[in-house]
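Colleague: Work out the full structure: start from the sequences and follow the hints.
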Amino acid sequence: MNRKVLIVGALIVTPLLIFLALSFGKDPRAIDSPLVGKPAPDFALQGLDGEMVRLADLRGRPVVINFWATWCQPCIAEHPVLRAGAKQYEGSVEFLGVIYQDEPENIQAFIDRRGAWGPSLVDEAGTVAIAYGVYGAPETFFIDRNGVIERKVTGALHPNELASLLNGMLSSG
Amino acid sequence: MTSQLGSAAVLLALMTCAIGAPLGFFAGASRSAAGLQWTRRMSLAFALFMILANLIMEYALITRDFSVSYVASVGSLATPLHITIVSLWSSLEGSILFWGLVLGLFTASVTLLQRRGHEDYLAYTLGTLFVIGLFFSFLIAGPANPFRPTPAPIPTDGPGPNPLLQNHILMIIHPPMLYLGYVGMSVPFAMAVAALLRGQLGASWLRPLRNWLLVPTSFLTLGIMLGGWWSYEVLGWGGYWAWDPVENASFLPWLTAIAALHSAVVQQRRGTLKAWTVILVMVTFLLTILGTFLTRSGVVNSVHSFTQSPIGPLFLAFLGFCLVATIILLSWRIDTLVSEPSEDAVVAREGAFLLNNLLLVTFTFTVLVGTIFPIIAEAVRGVKVSVGEPYFNRMAVPICLGLLALIGIGPALPWGRADKRALQRALVWPLPAAIVGVILALLAGARSWSVLLTAFLAGYALWVTLDQALRPARLRAKKGESAGQAIVQTFARAPRRTGAYLVHLGVIITFVAIAISSSYKENLEATMAPGQSASVAGYDLTFTQLNVERQPHLTAEKATIQIVHKGKDKGTLEPRFNHYPTQREPIGTPAVRTTLTHDLYLTVMNVGADGRIGLRAIVTPAVVWVWLGVLIMVAGTVVCLIPPKSAPTPKTARTAEATT
Chain P
3 MNRKVLIVGA LIVTPLLIFL ALSFGKDPRA IDSPLVGKPA PDFALQGLDG EMVRLADLRG
63 RPVVINFWAT WCQPCIAEHP VLRAGAKQYE GSVEFLGVIY QDEPENIQAF IDRRGAWGPS
123 LVDEAGTVAI AYGVYGAPET FFIDRNGVIE RKVTGALHPN ELASLLNGML SSG
Chain L
57 MTSQLGSAAV LLALMTCAIG APLGFFAGAS RSAAGLQWTR RMSLAFALFM ILANLIMEYA
117 LITRDFSVSY VASVGSLATP LHITIVSLWS SLEGSILFWG LVLGLFTASV TLLQRRGHED
177 YLAYTLGTLF VIGLFFSFLI AGPANPFRPT PAPIPTDGPG PNPLLQNHIL MIIHPPMLYL
237 GYVGMSVPFA MAVAALLRGQ LGASWLRPLR NWLLVPTSFL TLGIMLGGWW SYEVLGWGGY
297 WAWDPVENAS FLPWLTAIAA LHSAVVQQRR GTLKAWTVIL VMVTFLLTIL GTFLTRSGVV
357 NSVHSFTQSP IGPLFLAFLG FCLVATIILL SWRIDTLVSE PSEDAVVARE GAFLLNNLLL
417 VTFTFTVLVG TIFPIIAEAV RGVKVSVGEP YFNRMAVPIC LGLLALIGIG PALPWGRADK
477 RALQRALVWP LPAAIVGVIL ALLAGARSWS VLLTAFLAGY ALWVTLDQAL RPARLRAKKG
537 ESAGQAIVQT FARAPRRTGA YLVHLGVIIT FVAIAISSSY KENLEATMAP GQSASVAGYD
597 LTFTQLNVER QPHLTAEKAT IQIVHKGKDK GTLEPRFNHY PTQREPIGTP AVRTTLTHDL
657 YLTVMNVGAD GRIGLRAIVT PAVVWVWLGV LIMVAGTVVC LIPPKSAPTP KTARTAEATT
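In the order they appear, the protein sequences are chains P and L. Reading the first sequence from the start, the letters are residues 3 to 175 in our numbering. Reading the second sequence from the start, the letters are residues 57 to 716 in our numbering.
Source of the hints: derived by calculation from the structure; they are not laboratory data. These figures come from a predicted structure and were not determined experimentally.
Where chain P lies over chain L, by a calculated footprint (3+ residues, C-beta under 8 Å): (1) 200 to 214; (2) 372 to 385.
Beta-carbon label-pair distances, calculated as ranges: (3) Q110(P) / A64(L): 37 to 43 Å; (4) Q480(L) / N4(P): 36 to 42 Å; (5) V380(L) / E126(P): 56 to 62 Å; (6) P78(L) / I20(P): 27 to 33 Å; (7) A373(L) / A165(P): 21 to 27 Å.
Just so it is clear, CB atoms sit at the ideal spot from N, CA and C, and this is done for glycine as well.
Modeller: Structure, rendered in structure tokens:
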């Protein structure tokens, strides 16, 4: 047994592994939204189908608001994730899509081809995106039963991430 | 159906690894011939199932079978066939499946190419490869399974692969080259583990070990270069290396592999540095796993990394396992690898090799610290920091100059103890070439000390390299052989020597090209309306028109620029401004005119509503020599692998097998 090698090796490896382990769960891109923990800004927007949706009316159930566009590749990649999620949590969680800097026609064509997972709300003037501090697509806000923003996810959602967040929100209160 | 078939193939691969790993170690420990025979068979089976799994995935991709989850996430009806084929490695799950294929192929190659001799090493080697294979098969079979069935309803079309992957031919070959380099490092690692378990690393095992290290190193060299070239041709910022964490992750094992190749030379010559060579080889593999972890787990921020991947923790566990196992193995067995007694002290050339290793290890450590410092800073102080290019460049320049100096000084020095006079003569002799280098640089207009120093060292190194490479040929010519015959004979008798100097030549060219291209850029930024002109570095650029091209998920604005260089019409270049789906902000796709002396690089920075464009033109000297230099390096490593032509004995056949 060569102790020198063992000690030197342990001295290098142990801190390395500890630091790498600590770095988990911290998204290097995460920019904390000051809105997390605050009441979600209310809005009333018209969907592509013409129906009005008011956020305040959905109180009592968790709400997922996804800002997306057809020009955004990660949005397209997460489309099936949201679709599966909306189907799985049908009746217990509301899924809202807000069109972010895109034409309603593009969205309509996309939905016709790939299916919808919730209303696609037209945010013509971009006021809702501004209210939520959206700086790119996709961004997803998770709002709890009481209308408080629980979490913001930047970039495409992972199925596991969506499920664990929603299960957490459904089980707590 | 395809889903089940694919999963079945992966499970079978997993099973062969689960059987092969204990079998290999048992056969190694008991020296059982039958055990080894079965271990070999398992390795072929492992490769076969991995090939099968990958073929099934390709079939699913090509037939656009969206019931397979991976196809649903990267396939699309609109994607052309060749892009569909390579989208196997365009996303996380597929790339790990492809990793499995490469590992399978390498494992089978060890079995097929090391057919004779080394039985007792071979069983341990395959056993170790199976342990690595076990982890990757487990990833493919479980958490990163690309064959998972798509939840109903099955979509009729998918999003298609990342468009950045689609827009350049280099992106098709860069990832597989890098994978071949990365995964290939498992083989020398496994061979080093075998040497430790056997408690012996003789010249006969060192030779195949070195060759198996050379193969992935040349792939890695090529892969890194193609990545730099791609980012230069596609990303539009005019550079080829940004010290991005992913670039660093591929650079780190490359540095230690180069260090290991050099220490192996000393070991072969002098019988010393055995333990050190083994450590370097093992560290190289560990760095590939660390690099993969960093880039696949989303812990560092980079253009390449995948976010929030569920395999991150598993990778960390595997990295931890490999690190701990390596350290235990090293501390337990390293004393068995005693150096052969050497009669004289470390002098002259050995000293240069040691310095080379010291510099390369320092370089590795510097880059490693810079890469993971943001992680440490966040863990300790809770702040987000990023270590930028200035840190890396400040550290890299002196180290590279040191390495360049050693390329000159090292080979000029004699092996063993040399008398003072001979040493002086050897070192003074190339000085005129160094001075010529400086004069040439001054004539070309260079004034910065770093470029002049590079020219001095490069001139010196170039002279020594050519002198050393051609020395045996000169001796042969003196004995009466014709010049051509002498060179051919030198090459055929000692391809490794020739190859090594060819690599050095490539390094010198690359270093000089990097020094020149990073020091003498000429930049122009101009806002131009159609019909307007601007000039930079002898070029007259006229913006003639702007066209808008609409493609699915992409709108490109294409500017046509008329190029006149020193009064001669050089046609047009069409840099584009893409409103890219993956990017939040639109990015420019540059257009490049490459010549042997310089590149003209045009990017559109913005397009105004009035049809005016913001154009950026960069004239960079010598860029093409960076790629050419690296290609020479790769050619050199390939030459090193050619078996030497010696007297025709059966031995030739064996080395041929061992080295291919």
